[in-house]
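J.: Sequence:
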Amino acid sequence: MKKIILILILTIKTMSANCDVIFFPYQYTLLCYSAELIYSQENIKRPKKTTNFWAGTGVVGSFFYLDMPTYGLEVAIEKRHYFKPDEFRKFFISAYLGTAYMTDFKNTSHIGLVPGVKINYKAQLTPKLILEPYVSLSLPITYDLRDTFGYFPFPALTIGARFGLSNMKNKMKPRNQTKIINTL
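Taking our numbering, the leading residue of the sequence shown gets 1, the next gets one more, and so forth.
Worth double-checking, as some hints may not be accurate.
Below, simulated EDC-like cross-link-like pairs (lysine to aspartate or glutamate); rule was C-alpha separation at most 20 Å, straight line [stated by the list, open to error]:
| hint | residue 1 | residue 2 |
| --- | --- | --- |
| 1 | K169 | E87 |
| 2 | K49 | D104 |
| 3 | K128 | E87 |
| 4 | K173 | E87 |
| 5 | K45 | D86 |
| 6 | K122 | D67 |
| 7 | K49 | D86 |
| 8 | K122 | D147 |
| 9 | K48 | D86 |
| 10 | K45 | E87 |
| 11 | K173 | D86 |
| 12 | K106 | D67 |
| 13 | K169 | D86 |
| 14 | K171 | D104 |
| 15 | K106 | D147 |
| 16 | K48 | D104 |
| 17 | K106 | D144 |
| 18 | K171 | D67 |
| 19 | K128 | D86 |
Note that these hints are calculated values from the structure, not bench results.
Construct the entire structure; sequences and hints are all you get.
T.: Here it is as structure tokens:
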């Protein structure tokens, strides 16, 4: 309950908007789109839980400013909860913390620290190739490198997709291991 109250207070008190780990660095942008190319290392911890480390690049824009996309580099750590035990694909929810560098190659150059939550779908195209469409709610803390000032975070809803290479490793202790469906 305390976490929910804290999130509500931060949501009400904030003044700028961005999205996902790569973010849109303009004020008051509530709804964004994102497309990302990533490499991820996903470690299986329990039958329904994994820890994912990823790095990548992508483009983010606002549905309100369609002619102003920004591009960036990102790294993050994500805790995932899958709904079916030992099947590390299809729908899952996650919480993440990442950092990104964003630019439009003209006027903006920002860095950001971005916490958030996501609802995802993991499509395993090949044993190493994934496609993950998602909807995320994030609260980026950004700093403008050219104007030397930061913004209070403002929540943003992002609709996006991640495409890339994924490596899964089973790091469960032997007493927690069960038969894992062929997703490794």
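J.: Hint by hint, say whether it matches the structure.
T.: Each hint tested on the structure:
no., hint, result
1, K169 <-> E87, "13 Å, holds"
2, K49 <-> D104, "36 Å, violated"
3, K128 <-> E87, "15 Å, holds"
4, K173 <-> E87, "17 Å, holds"
5, K45 <-> D86, "11 Å, holds"
6, K122 <-> D67, "29 Å, violated"
7, K49 <-> D86, "9 Å, holds"
8, K122 <-> D147, "39 Å, violated"
9, K48 <-> D86, "6 Å, holds"
10, K45 <-> E87, "13 Å, holds"
11, K173 <-> D86, "14 Å, holds"
12, K106 <-> D67, "13 Å, holds"
13, K169 <-> D86, "13 Å, holds"
14, K171 <-> D104, "40 Å, violated"
15, K106 <-> D147, "13 Å, holds"
16, K48 <-> D104, "39 Å, violated"
17, K106 <-> D144, "13 Å, holds"
18, K171 <-> D67, "44 Å, violated"
19, K128 <-> D86, "17 Å, holds"
Hint compliance for this structure: hints 2, 6, 8, 14, 16 and 18 are not met, and every other hint is.
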